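K.L.:
Next come the chains, spelled out residue by residue.
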Amino acid sequence: EAGVAQSPRYKIIEKRQSVAFWCNPISGHATLYWYQQILGQGPKLLIQFQNNGVVDDSQLPKDRFSAERLKGVDSTLKIQPAKLEDSAVYLCASSLDPQGIYGYTFGSGTRLTVV
Amino acid sequence: GQNIDQPTEMTATEGAIVQINCTYQTSGFNGLFWYQQHAGEAPTFLSYNVLDGLEEKGRFSSFLSRSKGYSYLLLKELQMKDSASYLCAVLGAGNKLTFGGGTRVLVKP
Chain V
7 EAGVAQSPRY KIIEKRQSVA FWCNPISGHA TLYWYQQILG QGPKLLIQFQ
57 NNGVVDDSQL PKDRFSAERL KGVDSTLKIQ PAKLEDSAVY LCASSLDPQG
107 IYGYTFGSGT RLTVV
Chain L
21 GQNIDQPTEM TATEGAIVQI NCTYQTSGFN GLFWYQQHAG EAPTFLSYNV
71 LDGLEEKGRF SSFLSRSKGY SYLLLKELQM KDSASYLCAV LGAGNKLTFG
121 GGTRVLVKP
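Heads up: the sequence lines are chains V and L, in that order. Here the first sequence stands for residues 7 to 121, where the numbers follow this note's numbering. Here the second sequence stands for residues 21 to 129, where the numbers follow this note's numbering.
These aren't lab readings, by the way, just hints derived from the structure by calculation. Some clues are possibly wrong.
Cross-link-like lysine-lysine pairs, in silico, DSSO-like; alpha carbons within 27 Å at most [to be verified]:
#1 88/L with 50/V
#2 50/V with 21/V
#3 17/V with 89/V
#4 101/L with 50/V
#5 101/L with 77/L
#6 84/V with 21/V
According to the in silico footprint, chain V covers these stretches of chain L (three or more CB under 8 Å from chain V) [to be verified]:
#7 29 to 40
#8 46 to 59
#9 88 to 99
#10 118 to 126
Note that this is a predicted model, so its numbers are computed, not measured. We put the beta carbon where it would ideally sit given N, CA and C, even for glycine.
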């Protein structure tokens, strides 16, 4: 089966600019997650979708970050405006079941550098 | 709150055994995962424990003690390709997956 697709692979922007990331989960996976992984740290959950509804966005900095999953398949994560501390890898993951007990499948991530 | 602790870095010799410990304090517990992450790549699933005891899968084994809030990942017959970060993650209340900081394992010849 095809994996979780993410694009772009790398992005360099200046602070205060905007950026968007795209994710296409595994076909049939209803649950989709966006994680932020700062260098040397574990991934931190930003937002979790079940189909096109938000399950958990408690750690999403809503003043600058937004995410949507309009048709319950693809998702986009946007940062506007970006700050230096947003430099990280943004990982998208999907799971077959809402509980995730069969494991998450992660995409290769988008490495964002804010200068 | 969620608190997951694991060592930052470990070094071992090719062919040896390494044990990576993980302790956790979380609100709710629905299972514990171990993921492997090579530099610049996505995490990949290694194991899932929800009941106490040892789960063996080839050269990798994972152990869980829920009463102690403790797990370990055991890597046997280490190979150079096992050099990677190993992430402990707990599925807590609301089925929210929280990761530890990861343990970077360096395998030397």
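K.L.:
Output the indices of the hints that this structure fails to meet, ascending.
P.N.:
Hints 7, 9 not satisfied by this model.
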